[in-house]
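K.L.:
Sequence:
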Amino acid sequence: MTQRLHTLPNGFRIVTEAMPGLQSASVGLWVEAGGRHETPEQNGIAHFLEHMAFKGTRRRSALRIAEEIEDVGGYINAYTSREMTAYYARVLSGDVLMALDVIADIVLNPLFRKADIETERHVILQEIGQALDTPDDIIFDWLHEVSYPDQPFGRTILGPEERVSAFRKADFEGFTGAHYGPDHMILSAAGGVDHDAIVAAAERIFGALKPVGAPKVEPARFVGDERREVKDLEQVHFALSFEAPGYRDDRVYTAQVYATAMGGGMSSRLFQKIREDRGLCYSIYAQSAAYEDTGQITVYAGTSESEIGELTRLTVDELKRAAEDMTEAEVARARAQLKAGMLMGLESPSSRAERNARLLSIWGRVPDVAEAVAKIEAVDTAAVRDYAAGLTTARSALAIYGPVSGAPGIEEVRKGLAA
Numbered sequence: 002m003t004q005r006l007h008t009l010p011n012g013f014r015i016v017t018e019a020m021p022g023l024q025s026a027s028v029g030l031w032v033e034a035g036g037r038h039e040t041p042e043q044n045g046i047a048h049f050l051e052h053m054a055f056k057g058t059r060r061r062s063a064l065r066i067a068e069e070i071e072d073v074g075g076y077i078n079a080y081t082s083r084e085m086t087a088y089y090a091r092v093l094s095g096d097v098l099m100a101l102d103v104i105a106d107i108v109l110n111p112l113f114r115k116a117d118i119e120t121e122r123h124v125i126l127q128e129i130g131q132a133l134d135t136p137d138d139i140i141f142d143w144l145h146e147v148s149y150p151d152q153p154f155g156r157t158i159l160g161p162e163e164r165v166s167a168f169r170k171a172d173f174e175g176f177t178g179a180h181y182g183p184d185h186m187i188l189s190a191a192g193g194v195d196h197d198a199i200v201a202a203a204e205r206i207f208g209a210l211k212p213v214g215a216p217k218v219e220p221a222r223f224v225g226d227e228r229r230e231v232k233d234l235e236q237v238h239f240a241l242s243f244e245a246p247g248y249r250d251d252r253v254y255t256a257q258v259y260a261t262a263m264g265g266g267m268s269s270r271l272f273q274k275i276r277e278d279r280g281l282c283y284s285i286y287a288q289s290a291a292y293e294d295t296g297q298i299t300v301y302a303g304t305s306e307s308e309i310g311e312l313t314r315l316t317v318d319e320l321k322r323a324a325e326d327m328t329e330a331e332v333a334r335a336r337a338q339l340k341a342g343m344l345m346g347l348e349s350p351s352s353r354a355e356r357n358a359r360l361l362s363i364w365g366r367v368p369d370v371a372e373a374v375a376k377i378e379a380v381d382t383a384a385v386r387d388y389a390a391g392l393t394t395a396r397s398a399l400a401i402y403g404p405v406s407g408a409p410g411i412e413e414v415r416k417g418l419a420a
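Quick note: the sequence shown uses my numbering, first residue 2, plus one each step.
In short, the hints are calculated from the structure, not lab data.
Misleading hints may appear alongside valid ones.
Stated by the list, open to error - Within a straight-line C-alpha distance of at most 35 angstroms, the following computed DSBU-like cross-link-like pairs (lysine-lysine) qualify:
1. K217 <-> K56
2. K274 <-> K211
3. K321 <-> K274
4. K115 <-> K56
5. K321 <-> K232
6. K376 <-> K321
As the list claims (entries may be wrong) - Computed beta-carbon distance windows for the label pairs:
7. E219 <-> A132: 17 to 27 angstroms
8. G410 <-> D134: 20 to 30 angstroms
9. E311 <-> L133: 26 to 36 angstroms
10. P41 <-> R322: 33 to 43 angstroms
11. L93 <-> Q152: 37 to 47 angstroms
12. S307 <-> P368: 40 to 50 angstroms
13. N78 <-> E348: 13 to 23 angstroms
14. S284 <-> D387: 24 to 34 angstroms
15. S305 <-> T8: 48 to 58 angstroms
16. D102 <-> E311: 55 to 65 angstroms
17. A330 <-> D387: 11 to 21 angstroms
18. D326 <-> D151: 31 to 41 angstroms
Don't be surprised by glycine CBs; every beta carbon is placed ideally from N, CA and C.
Make a model of the complete structure from these sequences and hints.
P.N.:
The following block contains the structure:
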């Protein structure tokens, strides 16, 4: 399986990966316009735009958009992240060009009718309300906000209710005009695909679009603070984050191995010590996230009001202890988990298409999977211990939600890590 790349004169990028033997394919547009590209007044508009794309174009009604894909047994979806918005479909190989035409139509030609805006505004306000009613979801938005306060990168993807309630057609047109240019789009397809046919279709659909130029993006600054929300819940929800490398820093692989060893599965340190040995929670895990110019190591757990103090203390102890006694076996297991997770995921054309688009956006090329595997394999125990030691003095942030009046705060956590 080899990726093939092509760039149109206007900067529009195309990457395909044929996967022999597959009768299906994934095709989509990845637009380099996410939450971090919004002004304070625009917070939530990238996500709102994702919704509006499916409300109809000059050629297709909202129902017809769904019917064209589902009539051939496929599905279509989208998502918004802090750095990208993606529109994609999964179909049989013979329907790839049809799916591309639908996706291009909804991205390039949304109508932004007033009635549709009002309908979808109500849907998004319901989505915001649902998130607020889901503690182990909303707590990560709050954690991000206190990790990166008062900057675009820290704001919620959904946006605040007051901004979502105020968006009008001109706001959508202004954002798409500034960010939805061909030089900020990547067409990615994987599975049973024909590269030349896709390039020819892309030239016809996107070739005449005018570039919009590089946007001004405020660099992310991990500051770290605390958000404590008291609510009558059954559990305290605890989320702790540390500044970590961005995806252009090779230390990102060390961060991933460290997070996996600490809380990436049932054999991990936090799971074994805090859930299995002490029974202090049902769910506890650690994960690593990387972005263009920053990253985060995050630890999450849910526990009772009476046990949050002990859970916090033990978590801090385990984070510190990893710098002293992280073992070769733990690091080898974490490397194996990362490699297997990546390779198993890439058996899906949807995962392949997304990976290729993301890497092309980051590097201007698509590194071979073997390159990522080699970098994971190169992470040794000494590197993980050094990383763990550095984490005890790294910038940190805390979000805590529920019956939290007596729970430890970020300063207590920091003192415990530094002791």
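K.L.:
Run every hint past the structure and note whether it holds.
P.N.:
Structure-based check of all given hints:
no., hint, verdict
1, K217 <-> K56, "holds (29 angstroms)"
2, K274 <-> K211, "violated (57 angstroms)"
3, K321 <-> K274, "holds (14 angstroms)"
4, K115 <-> K56, "holds (11 angstroms)"
5, K321 <-> K232, "holds (31 angstroms)"
6, K376 <-> K321, "holds (25 angstroms)"
7, E219 <-> A132: 17 to 27 angstroms, "holds (24 angstroms)"
8, G410 <-> D134: 20 to 30 angstroms, "holds (25 angstroms)"
9, E311 <-> L133: 26 to 36 angstroms, "holds (28 angstroms)"
10, P41 <-> R322: 33 to 43 angstroms, "holds (42 angstroms)"
11, L93 <-> Q152: 37 to 47 angstroms, "holds (44 angstroms)"
12, S307 <-> P368: 40 to 50 angstroms, "holds (49 angstroms)"
13, N78 <-> E348: 13 to 23 angstroms, "holds (20 angstroms)"
14, S284 <-> D387: 24 to 34 angstroms, "holds (29 angstroms)"
15, S305 <-> T8: 48 to 58 angstroms, "holds (55 angstroms)"
16, D102 <-> E311: 55 to 65 angstroms, "holds (58 angstroms)"
17, A330 <-> D387: 11 to 21 angstroms, "holds (18 angstroms)"
18, D326 <-> D151: 31 to 41 angstroms, "holds (39 angstroms)"
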